[in-house]
Amino acid sequence: MTQSLLRTLDWIRHKLRCRAVPPAQALGERGEDLAHRFLRAHGMFVVARKYRPPNAPGEIDLVCWDRDTLVFVEVKSRSTDEFGAPGRAVDAAKRNALIDAAGHYVRRAGASWDSVRFDVVEVLLGRSVQIEHHRNAFSPSRQTHTRAL
1 MTQSLLRTLD WIRHKLRCRA VPPAQALGER GEDLAHRFLR AHGMFVVARK YRPPNAPGEI
61 DLVCWDRDTL VFVEVKSRST DEFGAPGRAV DAAKRNALID AAGHYVRRAG ASWDSVRFDV
121 VEVLLGRSVQ IEHHRNAFSP SRQTHTRAL
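For the sequence shown, this note's numbering gives the first residue as 1, with consecutive numbering after it.
Keep in mind that the hints were calculated from the coordinates and are not lab data. Be a bit skeptical, because a hint or two may be false.
[Unchecked claim] Ranges between beta-carbon positions, derived for each pair: (1) R40 - G103: 23 to 31 Å; (2) D68 - R107: 16 to 24 Å; (3) G110 - R88: 32 to 40 Å; (4) V47 - P23: 23 to 31 Å; (5) G103 - L5: 37 to 45 Å; (6) F45 - W113: 33 to 41 Å.
Note that CB positions come from ideal geometry on N, CA and C, so glycine has one too.
Between the sequences and the hints, there should be enough to build the whole structure, so can you do that?
In C-alpha cells:
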C-alpha cells in the first residue's frame, strides 16, 4: 500500500476509535499502530501487542524480535511536545513495571535475559507525524536504571 493510503486508513481508524474510547486512549492506540509499522519497516518482527502477564500488573505495548534480540517496546504518544518529549513519561516506576511484565514473557518464551533489550518509541502526532526510536532506553537490571532518554 502507498504511504498516503496508509495514513488515510490510520486517520479513519483513529476517528472510529475516538467514538469508542476516551481521546487520550485513542491517541495512544494510534501511536502504537504507527510505532508497530515503523518497527516492522526497520526490520523488526512484532510478535505481540499489548502483552499483559496473567495475574500480574503491567502491560508491554509491543514485543518484537530484532534478529536474535527480544525487544520490549514502550510507546509514548503525544499530540504536541509542549511539555517535553513523550519518552519522559517512562519513569522508574514504569520501567520497573515493564521489567516485571517482561520477566514473565521471557520465562514463557524460554529466552535469556542476555538477549533482552528495552526500547522506547516516541510518537508526536502533530500536523506531521514524527517517530523517534530509542534503542536500549534502559537496562533490564533494576540496579542500572541510569540511562535517560
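So, going through the hints one by one against the coordinates:
1. R40 - G103: 23 to 31 Å: holds (25 Å)
2. D68 - R107: 16 to 24 Å: holds (18 Å)
3. G110 - R88: 32 to 40 Å: About 34 Å separates the Cβ atoms of G110 and R88, which means 32 to 40 Å holds.
4. V47 - P23: 23 to 31 Å: holds (29 Å)
5. G103 - L5: 37 to 45 Å: About 40 Å separates the Cβ atoms of G103 and L5, which means 37 to 45 Å holds.
6. F45 - W113: 33 to 41 Å: violated (20 Å)
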